[in-house]
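Dock chain B against the given chain A, drawing on the hints supplied.
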Amino acid sequence: MKLLVPVKRVVDYNVKVRVKSDQTGVELAGVKMAMNPFDEIAIEEAVRLKEKGVATEIVAISIGIAQCQETIRTALAMGADRGILVEMDASPEPLAVAKMLKAIADNEQPRLIILGKQAIDDDMNATGQMLAALLGWPQGTFASKLVVEGDTAMVTREIDGGLETVSLTLPAIVTADLRLNEPRYASLPNIMKARKKPIETIKPADLGVDPAPRLTTLKVTEPPKRLAGKKVGSVAELVDKLRNEAKVI
Amino acid sequence: MAVLVLMDHEHGRLKQPSRSAVAAAAKLGEVHALVAGHDGAGDAAAAAAHLPGVTRVLKVDSEIYAHALAEPLAALLVKLAPDYTHLLAASTAVGKNVMPRVAALLDVQAISDVAEVIDADTFIRPIYAGNALATVKSSDPKKVITVRAASFDPVPAEGGAATIENIGDAGDAGVSRFVSAELSKSERPELTAARVVISGGRGMQNGENFHLIDPIAEKLGAAVGASRAAVDAGFVPNDYQVGQTGKIVAPELYMAVGISGAIQHLAGMKDSKVIVAINKDEDAPIFQVADYGLVADLFTALPELQAELERG
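Going down the list, the sequences are from chains A and B. Position 203 (the first sequence) corresponds to 202 in numbering that gives the first Met the number 0; numbering is contiguous. Position 114 (the second sequence) corresponds to 113 in numbering that gives the first Met the number 0; numbering is contiguous.
Okay, chain A solo, but in the shape it has when bound:
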């Protein structure tokens, strides 16, 4: 069974982002970039399915500027077999991403597409659900466990009050939550091997998709700063302040 795993290049999760002074976005120049952490989990899950003999081929896809190739290389080093880069100047919105992924899925005919549940830059949490809608496939979002058997994916999902398990008829979409697995580090030999794995580069037009955004970002601002308050010397003083000053207990 063929698997697709889309991977996004985002600001590394350890970086504290700064809002640009002209309010057009966040500062990206010279900032360390990395694969979206949830996408790493998605790749790891795909590789484990291959190791179990469930998956036969894993195709990693990234959409954006030429440097997204590095993100695909990371996926290849973790165990994906080949890559597709849809090259364009900007990082498109989830709807356009989903349309491009649908076009690729129509060509590639995978049985399963695993995505990260959200990207840590725009925090949209939408691409997987949107792709499932466009393909008319069922979706298992926020997955903490995935079991593929025959024509079925059993997905255990993180929901507000605990966990829920759903049974999906393949082909299906799964989006990875934190606890699905712990992604491996790519070994040096695998990083070397990944250099020889093929990456095909295409354009949005090759997929017949107009990636024009539907949302215009009018401005990006810093959230109101919370000022540090005071230190209290004892538990008794804390309780007194909460009772008599803040009046919250």
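Please note: incorrect hints may appear among the correct ones.
[Unchecked claim] Below are the DMTMM-like pairs computed for lysine to aspartate or glutamate, each with C-alpha atoms no more than 20 Å apart in a straight line: (1) A:K246 / B:E115; (2) A:K224 / B:D282; (3) A:K196 / A:E56; (4) A:K218 / B:E115.
[What the hints assert, rightly or not] Chain A side only, calculated, beta carbon under 10 Å to chain B, not exhaustive: (5) G52; (6) G139; (7) V234.
Since the hints were derived computationally from the structure, they do not count as laboratory data. Nothing here was measured: the structure is a model prediction, and the numbers come from that model. Ideal Cβ positions, reconstructed from N, Cα and C, are used throughout, including at glycine.
Chain B in isolation, oriented as in the chain A frame:
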């Protein structure tokens, strides 16, 4: 045209974040509420009819919607969409699962986790784990939105008198099926609805020690949460998690115990009204956002706090 809010409900009761979604919707137009479900759908619809600002409740009682599966629920919303300018839901597990699917079926870009409504087309939403706020304007003819409940005061539970209308289902493609649920049992209020939240972090050292928080939570009527580090270490289940990748909370009082204050945790609680931090490391970043900081070993501070509260 009116605005439709998908209500999240369980056992006949509306979840509080849905009342926040109604508050957000009221800024956009006349509000209709959709209650789709099976067990308890009637009670939930009656509760929705009592919400101030809701003028009409659409109720679908069908087994198809018993577990709020995204596929049939999205199909239902798409069927109702022509009559509405905006479709909203709270950013609960259900809302986040269903609404982007609806948006794609309508060929519009979903607008996730809206924290402020500027006008019918313009919204503010957090990006980068809340480290920046983006003001976005949608050019789509219809808006599909999830609402960050912590940013909108919920409408009161009583005061409205909407009509309830039974509507038909929109079918089920049969590609997804509910198997089972494993829900955390707790007598405590839900994290996203609690007036007080007490969260433990890696400093709690193990799951057993979380019981030190229990009597305090009991006394204050608080929900118990945790940092991602505490969840990753296996101290408590993931549904305790407060943060960018967990639940977003904004209670009257948030107490962070043994939590260093990673960016991803702050993203989930920094809109709380009063923040208390108890940590033995005086340089912990959590103190930079805390209104009251106590540098202390939590294993002495928690029992002291319990005693102090019991003293009344």
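Please flag the earlier hints that this structure goes against, numbers listed from lowest up. Of the numbered hints given earlier, those the structure breaks are 1 and 5, listed in rising order.
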